[in-house]
Structures are given as C-alpha cells and as structure tokens.
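Colleague: Residue numbers (numbering that gives the first Met the number 0), protein chains in the order written: chain A, 0 to 480; chain B, 0 to 325.
Partial list, computed: chain A residues near chain B (C-beta under 10 Å): (1) 100; (2) 105; (3) 108; (4) 111; (5) 119; (6) 122; (7) 123; (8) 145; (9) 161; (10) 164; (11) 168; (12) 176; (13) 195; (14) 196; (15) 200.
FYI, nobody ran anything at the bench for these hints, they're computed from the structure.
In this text, a Cβ means the ideal position worked out from N, Cα and C, and glycines have one as well.
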Amino acid sequence: MLSAPLVVLLQPRGLAWAGATAAGLVSFAIAVALAMAVLGGETQTYAMGGWPAPYGIALAVDDFSALVLLLVTGAGAAALLAARPSVDKQIEEERQPLFYAAWLLGLAGLAGIVVSADAFNIFVFMEISSLASYILIAGGPDRRALPAVFKYLIMGTIGATFYLIGVGLVYMMTGTLNLADMQARIGDVVDLNPILVAAGFITIGLALKAAVFPLHVWLPNAYTHAPHMVTVFLAACATKVALYVLIRFDSMVFQDKLSDHVIQFAMFAMPLAVLGILVASAVAMFEGNLKRLLGTSSVAQIGYILLGASFVSQAGITAGAMHMFNHALAKGGLFLAVACLAYHYRDLRLSQLGGAAARMPWTCAALVLCGLSLIGVPGTAGFISKWLLITAALDAGPWGWTLVIVILVSSLMAVVYVWRIVETLYFQAPATEETGIVEAPLQLLLMTWLVALLNIAFGLAPAIPLTLAEGSAAALLGGMP
Amino acid sequence: MIYVFALFLLTLLVITAVAIVRTTNLFVAVMLTSIFSLLMAANFFILDAADVALTEAAVGAGVTTVIFLSALALAGDVEQPRLGSRLLPLGTVGVLAVLIIYATFDKPRLGDPDAPVHQHVAPWYLEKTPEYMDIPNVVTAVLSSFRGYDTLGEVFVVFAACIGVLFILGVRPPGPAAELPAEPSGLRHHLIPQVVGRLLVPFIVLFGLYVQFHGEYGPGGGFQAGAIIATGVILYALLEGEAEALRAVPRSVLLGLVVGGALLFGAVGVVCMLMGGAFLDYSVLAADPVFGQQMGIIVIEAGVGMAVCGALLSIFHAFAAREGRP
Numbered sequence: 000m001l002s003a004p005l006v007v008l009l010q011p012r013g014l015a016w017a018g019a020t021a022a023g024l025v026s027f028a029i030a031v032a033l034a035m036a037v038l039g040g041e042t043q044t045y046a047m048g049g050w051p052a053p054y055g056i057a058l059a060v061d062d063f064s065a066l067v068l069l070l071v072t073g074a075g076a077a078a079l080l081a082a083r084p085s086v087d088k089q090i091e092e093e094r095q096p097l098f099y100a101a102w103l104l105g106l107a108g109l110a111g112i113v114v115s116a117d118a119f120n121i122f123v124f125m126e127i128s129s130l131a132s133y134i135l136i137a138g139g140p141d142r143r144a145l146p147a148v149f150k151y152l153i154m155g156t157i158g159a160t161f162y163l164i165g166v167g168l169v170y171m172m173t174g175t176l177n178l179a180d181m182q183a184r185i186g187d188v189v190d191l192n193p194i195l196v197a198a199g200f201i202t203i204g205l206a207l208k209a210a211v212f213p214l215h216v217w218l219p220n221a222y223t224h225a226p227h228m229v230t231v232f233l234a235a236c237a238t239k240v241a242l243y244v245l246i247r248f249d250s251m252v253f254q255d256k257l258s259d260h261v262i263q264f265a266m267f268a269m270p271l272a273v274l275g276i277l278v279a280s281a282v283a284m285f286e287g288n289l290k291r292l293l294g295t296s297s298v299a300q301i302g303y304i305l306l307g308a309s310f311v312s313q314a315g316i317t318a319g320a321m322h323m324f325n326h327a328l329a330k331g332g333l334f335l336a337v338a339c340l341a342y343h344y345r346d347l348r349l350s351q352l353g354g355a356a357a358r359m360p361w362t363c364a365a366l367v368l369c370g371l372s373l374i375g376v377p378g379t380a381g382f383i384s385k386w387l388l389i390t391a392a393l394d395a396g397p398w399g400w401t402l403v404i405v406i407l408v409s410s411l412m413a414v415v416y417v418w419r420i421v422e423t424l425y426f427q428a429p430a431t432e433e434t435g436i437v438e439a440p441l442q443l444l445l446m447t448w449l450v451a452l453l454n455i456a457f458g459l460a461p462a463i464p465l466t467l468a469e470g471s472a473a474a475l476l477g478g479m480p
Numbered sequence: 000m001i002y003v004f005a006l007f008l009l010t011l012l013v014i015t016a017v018a019i020v021r022t023t024n025l026f027v028a029v030m031l032t033s034i035f036s037l038l039m040a041a042n043f044f045i046l047d048a049a050d051v052a053l054t055e056a057a058v059g060a061g062v063t064t065v066i067f068l069s070a071l072a073l074a075g076d077v078e079q080p081r082l083g084s085r086l087l088p089l090g091t092v093g094v095l096a097v098l099i100i101y102a103t104f105d106k107p108r109l110g111d112p113d114a115p116v117h118q119h120v121a122p123w124y125l126e127k128t129p130e131y132m133d134i135p136n137v138v139t140a141v142l143s144s145f146r147g148y149d150t151l152g153e154v155f156v157v158f159a160a161c162i163g164v165l166f167i168l169g170v171r172p173p174g175p176a177a178e179l180p181a182e183p184s185g186l187r188h189h190l191i192p193q194v195v196g197r198l199l200v201p202f203i204v205l206f207g208l209y210v211q212f213h214g215e216y217g218p219g220g221g222f223q224a225g226a227i228i229a230t231g232v233i234l235y236a237l238l239e240g241e242a243e244a245l246r247a248v249p250r251s252v253l254l255g256l257v258v259g260g261a262l263l264f265g266a267v268g269v270v271c272m273l274m275g276g277a278f279l280d281y282s283v284l285a286a287d288p289v290f291g292q293q294m295g296i297i298v299i300e301a302g303v304g305m306a307v308c309g310a311l312l313s314i315f316h317a318f319a320a321r322e323g324r325p
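Same shape as in the complex, but just chain A (with noise of 0.2 Å):
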C-alpha cells in the first residue's frame, strides 16, 4: 500500500493536466487512507525491496507523517484541480506537460521525505522536490522568477549539502542510516564531538530549505515571481516538510542522547522563531505587492511552528503542528484567491487592486475568510492552533507571558496587513478603468471556496488533525527521559 505513492511518481511524463490531476488524487486518497490506519493505532512501515530495516531502506508513516502527508498530498491535489485555467494563461501549450511533470516530480519528492525513515533516502528525495520547484518557479512568464530562482537554488543547495555533511557525519560515527536505528545506536558513541557538529550542520542545512527566520531572504522573491498556482502548492507544503525534517531528526536523533540539547535547541530556534515572528510580520505590514506580503508573512508563520517546537513539550509540539496544518490550510486559501484575482489584473501591487470586490465578489470574501483564519479569529482553523501556542507557552515557565505577548502582538500586525488588503479590495476607488473584469473561472472559484470553507471546518471541529498532532508529539518526545 506504501509505495503506491510511488508508482504515481513513475508516471510523470507526457500527461498534461487531467493524468497529473488523476495522479494528484490518487496520492491524496491513498494519504487519506494512511492516516486513517494510523488514527486506528498502528505505525505503518514497509520494508524496500524486502530488506530489513537497517540494511535496506524503510519506509514508516506515524502519526506526525500522516499529518504531513494529508498536507502535501491535499495540497498538490487541490492546487492541480484549480490549475487549468490559471496555466492555461501562464505557460504556452508546448511546455506544459513538462511542467506538470515537473510538478509531479515535487509532489513525489516532497511526500517521499515524508514517508521516508532513511537519513540519506530523505535527502535524494530532498533533491527531487527541490531541483522541481526550481522549475515550477521559473516556469512562468515573469523574468523576474529567474534571478529569484538562482538565489533559491544555491541556498538550497547550501542548505542540502549542509544536511548532507551533517549526515555523513553520523554515518561515520553509528555505522547506519536509518533513523531509528541511529536513535538507538548513537547512545553507544563515546566521542560526542562530530554528533554535536553534525547536528549543528543538520539543524543549519534545514533551516535554510525550511526558510527560518534570518536565512529566509530567498522566500519572498521566490514566491512572488512563481506563476500563481506554483505559489499555492508550495507555500502549502514546500517549507513545512523542511520543519518536519528538522523536528523529526532533531527530536529522534539528537535531543535524547546529547546531553543540554534540549535547551541548546530551544536556545537556538526559540529566539530565531521570535525575531522571525516579529520582523516578517512588521516588513509584511509595509508590503505592497500582494504576493510578496502574504510570502513574508509566511516567514512569520513558520516562527509560529518552530517556536512550538522549540519548547520541546507536548503541548509545543502539537501546537507546532497544528499550526503546520492549518496555516497550509489559511496560506493555500489565499494564494488560491489571489491567483483568482491575477486571472484578471496583471499587476498585483496593491495600489492597482483598488475596488477589486465590486467585480469579484465571491473571491475577495473567499479571500477575507482566509485571511481571518490567518489572523486566528475564533471559529477558524487559525485560532485554533494560536490557542494551543499560548497554552504552550504558559506551560513553558516564568518566562512564557512574554512569549504570550509576542504571539498577540503579531495577530495584531497581522490584522493590520490583512486588514489593508481588504480595505484595498474593499474600499478604495479603482485604480484603472478597465472593463471586463468578471469573477474568475468556476473551476478556480470552486477550489478557492472549497479550502476557504475547510478553514472554518477545522476551526470548529478540529478533532482529526489534532488527534494526529497530538500523537506525533507523544511519538517525538517518547524517546525523552
């Protein structure tokens, strides 16, 4: 059953949207069917080749890779569903079955990180998802994508090569590569020095692709030159399963054998993930260009998730988690409505979005509900997963009311940048008078409502992806003393 996604990666070729899609679907439905065994209890593991675990490569899904799973899987199934139209405007005819190839390729890389319990294995899939969102980001017509994309390609490279020596490292210490074998042979190792040097290059290398706060700089131009759905599907899903890399080695490999590493890793991500909250969110409260703000603010919301994770506890994780799932799900929304707006206006600063609601009504309110999920307003998937991040950080010890401060007085710039948006939309004059701008295309408009309408689903009834967050918290820390 496991390595079905697989088989959907070996058909990237040559079918335009409607096999991509069906490929897409297919991956998502099996997704759904993982996380349902898991929820009944059991790990799922599945041996490669029929090897066993240390000497061939293992695959395992548990409750925090299910979770991821639903992400990514859901994610590319439903940014491909809404695609037609919008690459249908961006990518000439000819080019596009490489592009969906290529699409393909990344949602293949990107799951099989995440079912993968291989140390080396993660990274050969690392390099596939990355060198395809490479492509899907220059695919577009802008120009601009390509010195964004060149910038990206060499941090990720960086950031995989750091991943990679760090690994090595291990390697040469514990003699295995999969994880759980190295979770328990690593407590034999006697010199601790080149573990400790490992796991700094590792937590580096990741936090690089992960776009964590000061090595972020690649992130925004990235996204705001990709064309429009290429933005959706990886502002979902590209950065998170960077986190889910760093969470899952550092909390496995790491943090229960070395000695002060629990507090060295909360000494190093905690403050990252505050300035990152902090600094990305005011940037974001000044940017005019509608993509570029809502990518900053995504450097903002992946400090929300490290900062749950760098707490170490089990309500920080699940927090982490949570907000992992649910900013996907507030994120892919708007990206969703914006590439709606793009289908008609051209130019995506601000100032020329004036009075957009008047003429797409359906999408500016799809793209409010986001926004206010993103904002965490009661009865949204957002507010949910602040709400576990402030019980986190209250448990967190005498000094958790600052980071409670912190939190709040981000929604509140959050409100503020949502909230130019809308007044943007909503309020001002038209910038131009062109005619002709009606509301985007059903297939687009569908998609963006379906997601829209999943934000305050989870919001009200959060139990699946809870149930799951809690248990990969369990699952993460049961190795602790």
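Given chain A, put chain B in place with the hints provided.
Modeller: What follows is chain B alone, placed relative to chain A:
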C-alpha cells in the same frame, strides 16, 4: 608511500580550488574545475572507491566541462567585477572549515577495522551478498538492490534535471518540423582532431558498454556507463557538428531514453510487487531468488544507464541548440 601520494594530490586540490576562486576568466575556471574533478577522481581511487572515481572522472571531468563550455559560448567568458566586501563569505567559510576539522579530530582512523562504519551494516552486506545474489561487486549489490530505492530516486533526480533544462531553455519537444542547419559545423576542417577523434569514439562507446555490463564483476554500472557513452556521443558532436550527431541519435530517441530508462526502473519495481514481493524485491522475478536478484540488477542498471546517457545528451543539445539562435 600511498600517504605521500595522497598528500600530494590533496595539496594540488587545494591549489586548484584557490585558483578557481581567484581567476576572473571563466574559461580558465572551467578548465580548472575539470582538473579539480580529475584530482578528486584520483583521490577516490586511492581511497579504494573505484566506482566513485570512475563516475567522477566521466561526469565531473568529462561531460560537465563540455556543458560548462557550451554555456560559456552563450554567456561570454569574463566575470563581472564583484562589488562589496569579501570578508563575510570568507569568515563564514573559515568558521565552517574549522568546525569540520574539529569534527574530524574524533574521527576513527582511516581503515580502522573497529570504526563504527565497519561494525554495523557493512559486514552484513559483505557477508550476505554472495548468499543472496552471488555477484562479486558488493558496491553494485548495495547500490541496486539493498538500497535500490535510493538509486531509483537518483534516476529521478537526473530526470528532473533534464526536464528542468528542457523546460527553461524552452526547447520544443521533438516534432516533425525539426529543421537542421544545412552546412556541417564542428571541427571537420581540422585534420588531427578529426582523425584521432574518429578513432576514439567507437572505443569510448565500447568501453561504456563494457562498464555497463561488467558492473556486477568490477567497478562500474549504469551511472558510469551512461556518462561514458554520453561523452562518446558528445565527442562525435564536437567533431562532426551538432546536426550530424542529432542525425545519428535524434532528439526523440534521447527523450525516449530518459523516460524509458526511468520507467524501466520503476516498472521493475512494480512487476516485483505484482509478483508478490515488495517494491524492488527482485527475488521474486525468477524461480531461483539468486537468479532473480541478478536479473533485476541487470535490468535496472540498464535503465539507469539509459536515463543518465539520455539526460546528459539532451542537456548538451539543449545548450547547443541555443547557441545557434540569438
């Protein structure tokens, strides 16, 4: 003695690296990277990693250099003077170097039989390979069976790279109207390269095939063979002009090679599943599991070779085709 030689090579390596960073002429830089790769290959060989050395020599020193050069033909070979301070990058690199050296202080000595690497998984591979597959080259066994899933991943990396280059450079997929320039280009009028090259091409391709099918017994396998064959065809393209090479191996064939290679590998996995084994479990392919393993390895190595060769050539042609246009 071997230590002296390794030391000498490593020193040369450092000198080359510094020279690459310092030169402002990109042509020189490309040539130096080629030398760098050759030195690396020699180093790998000293460390008894013949398979890796072969790959590095074929890909790093051979194909990459040609691709770099065709990119240079498009972009010009003078580096723009750099603005801003070099202190920050220098500092970062310095800190990283110190960190890595620090990490190696506790590293087990090279070739130490008690090192963790030699205690855990590796002995199992050495012990079990004859039993399960009965082939002498353990590297091939690990690569294509024990960790075959990784290799499948790598093939898809190559595939993704190929798609990326084709997509971004905007080369049309093969159609009926692929017009070829009439007059032959290349080094046709230079007698010595022409004669020597002509002599070499068949041998290179033959060597590639040898490496492909000998992978079970000696160093070699699909990756290396694909790269070597690609080198042969590129040499032909350089001698006879790109159009001539395209006529010999048309673009549609190349694309077919890439896709077919990747699909072949994957299909083997699926067939294994259908026959009741796990994904990529070759044992079920034949009545005798050992023979099944051997068969599976040969087929997937062929897939790897096809994919690598096709991808490298497609990338080369994508750059070369760009050259003709403004």
